[in-house]
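Kindly generate the complete structure, drawing on both the sequences and the hints.
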Amino acid sequence: GESVGLHLPTLSVQEGDNSIINCAYSNSASDYFIWYKQESGKGPQFIIDIRSNMDKRQGQRVTVLLNKTVKHLSLQIAATQPGDSAVYFCAENSSYGKLTFGQGTILTVHP
Amino acid sequence: EPEVTQTPSHQVTQMGQEVILRCVPISNHLYFYWYRQILGQKVEFLVSFYNNEISEKSEIFDDQFSVERPDGSNFTLKIRSTKLEDSAMYFCASSLFMERSEAFFGQGTRLTVV
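Protein sequence lines, in the order shown, are assigned to chains A and B.
If you read the first sequence in this note's numbering, its first letter stands for residue 1, the second for the next number, and so on.
If you read the second sequence in this note's numbering, its first letter stands for residue 1, the second for the next number, and so on.
Don't read these hints as lab results, they were simulated from the structure.
No residue lacks a Cβ here, since even glycine has one placed at the ideal position from N, Cα and C.
Don't take every hint at face value.
Cβ-to-Cβ under 7 Å is the rule here; a few derived chain A residues that face chain B [what the hints assert, rightly or not]:
1. 9
2. 12
3. 16
4. 42
5. 44
6. 46
7. 97
8. 98
9. 101
Spelled out as structure tokens, the structure:
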């Protein structure tokens with residue numbers, strides 16, 4: 001069946017470092033992926049998305065990489081700031097707009 | 001910036017009682033969703049809704065659950081007879097398109113069943 005999962009449940013970095021959060025998916029037919037950020041007590045917030053016809057997509061301080069060969073997705077955050085501390089989820093957009101979320105990675109940024 | 005709004009932010013109810021969670025999706029969006037998140041776990045899909053019909057529902061969304069868009073702005077989730085295991089954060093989301101479209105989430109309603 002479909003599943004989207006994360007390799008690392010927690011990640012601690014120093015302010016200013018780059019962060020990399022990883023995600024594995026199992027449905028090779030998946031064609032659209034989204035990274036969400038969730039702060040404590042809030043709903044998931046869209047960060048960046050990527051379609052399966054792309055390998056890389058860049059936003060402001062964030063980059064998503066997609067490796068379809070090994071069904072792997074990563075989120076890179078440049079110059080991580082304390083405000084980036086949150087739980088990060090990858091999600092697969094499948095039928096009827098349904099999102100299948102991974103387990104989440106807790107990112108902690110130390111000043 | 002347009003946003004999805006949910007009310008109430010926190011609902012406490014007794015087991016067996018009915019609850020209605022309310023959402024106002026973004027006004028020009030056409031697709032609506034409910035998700036839930038049990039404390040410390042991942043976000044789980046419950047149901048998607050389009051054109052006044054359920055498009056897809058998960059195994060969680062059993063006969064105790066129902067959704068409705070009673071007017072042009074509200075989207076509700078009803079749980080007829082709550083169970084302790086229904087305690088979770090419930091998130092409403094909406095999107096403009098069905099596929100390959102960013103879904104915007106509300107802040108959530110924390111449901112506590114006692």
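* Hint by hint, which ones does this structure get wrong, listed from lowest number up? -> 1, 2 and 3
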